[in-house]
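Novice: Now for the letters of each chain:
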Amino acid sequence: MCFPNMRDFNLSLGLTLIMHNSGFLLGQLLRVSSPSLPVGGFSYSQGLETAVLNGWVHDELSAYEWIKGVSYTTLRHTDLPLLTRIYLAFREQDFQQVAVWNQRLVSMRETAELRKEELITGAAFRKILQLDGILVSDLRDTLSELSAVACFAIYCAHYRIELKDSLCGYIWSRMENSVAAAIKLVPLGQSAGQKILATLVCEMDSLIDSSFLVTEDELGVSTPASTFASCAHEKEYSRLFRS
Amino acid sequence: MVSLIALEESSDLAKIGWSASLDLLFESRRNKTVLRRNRHMGPLRVQRAFYPADDNRCHVYLLHPPGGVVGGDCLNTNVRVESGANVLITTPGANKIYRSDRAHSRISSLLSIGPHASLEWFPQETIYFSGSRSRTVTEINLDKDAHGVTWDLLCLGRPVSGEKFSEGNFIQRTIFYRNGRPILNDASAATGGDVMLDAIWGWQEQDVFATFYSTRIEKLDSDWAPALGSLVLTRVEGIFIARYLGRSVQEAKSIFYDLWCIHRSLAGEAKPVAPRIWNT
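As given, the protein sequences belong to chains C and P, one line each in that order.
Just so we're aligned: 12 in the numbering used here is position 12 of the first sequence, and the numbers increase by one with no gaps anywhere.
Just so we're aligned: 1060 in the numbering used here is position 60 of the second sequence, and the numbers increase by one with no gaps anywhere.
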């Protein structure tokens, strides 16, 4: 481990502490980074349930590979770049642009199940924005249908949580959700789940950096197997997770 | 956001590659659809409109005599189907995207379907040669009560000659708009040699990924049992989507032909006759 970056890190942390109350900021971020609260992302498995039924995911390693492969492809090309764009547009108070990116994100959810998840969790998240007085009338008029990603971006931009921290919070909520689903479905033990999370956390920085490089014509790429699994899940006879 | 890669590509485009464009407009006249405007620039054209079936649907073949696309090529197709017109557009053969060292090719189709009009857009499969680089975007704009049926057939590499997609990259995107609002933005992509191609979470070592879209089908009868395992279905914002992941583009086409028949019957139209050119 080398420390030159730690100095910068401490410096920026120091600045953050001067400028804001970091406990308050972290608290606000943690409030929305849990998959069980506040918006109920926990009831969906993004196709993992089908992947388990099909035998594609059957142990710790295959669970890790599925979660990393599927989530990181989608997060890198869809969720994170759009979260970033919405965050920046909101900071500029450009609500028209917020609406454009929000609609882009929704249109990139390529199965009925993924779209329903995005909009139902978005509607639940919208209530938090209302509760916190973030959804000002200009914005309310432009946005009838808010995605969960857009709500998350608006929330973080409003509280001036750093963009990278916001992205970490978002990735964390998706990772925790997927791993919790894998623990139930495969099934896996808690320590196996922790091992998967530990490995995924190590890759968060490179995921965020690569999402910054995604150009507009690269947005929205997912993987055939995940799309397949999500479609098939809508027809499964018995399910633990919602469709 | 300014991307260095994008800048580099656009300067490539200026240097090499062929540009071609085609602009078609169809109109309904006395209960018959006619090709009213047919302008082209470069090697992309249609020769004539014809009426092989006993209906008012106008058929055209989109011809691209070079027979393949190389890096730097830029093909733009613009189709407008006016109110009440019915059109079928297909191509005489597979669209081959050849290897390119650096420059991407860009293929863009903008299809506007007017009120009470319909378009059946069935380009034959795109074969991505190893080392090819391309961006393909098909945009379908649906007016009020407009209907469309289309497919996207992607083949990775040339399995017959043992060529895997080990280099290059592509993104193939289909976007549906309803009254100008984007309702579905569906992108498939692959990077040559990427772990995703073999991974169980990615392409699962399959070479063919194909998608069928219909604005008419809502759901299929339970007795409709396609090649189970290789096909899944969903529906978003009034667009029915069937997806095939497998090894045979012929198998995908034959399943999609059955879906096309269902689409036609829901429109109160006769069972379609597959364009003769597909058999050659």
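Note that these hints are calculated values from the structure, not bench results.
One or more of the hints may lead you astray.
[Stated by the list, open to error] So the derived list for chain P, only partly shown, Cβ under 8 Å to chain C, looks like this:
1. Arg1045
2. Gly1131
3. Glu1167
4. Arg1178
5. Pro1182
6. Ile1183
7. Val1236
8. Ile1239
9. Gly1246
10. Ile1255
11. Ile1262
Glycine included, C-beta positions come from ideal geometry on N, C-alpha and C.
Novice: List in ascending order the numbers of the hints, as given earlier, that are violated by the structure.
Specialist: Failing hints, ascending: 1, 2, 3, 4, 8, 9, 10, 11.
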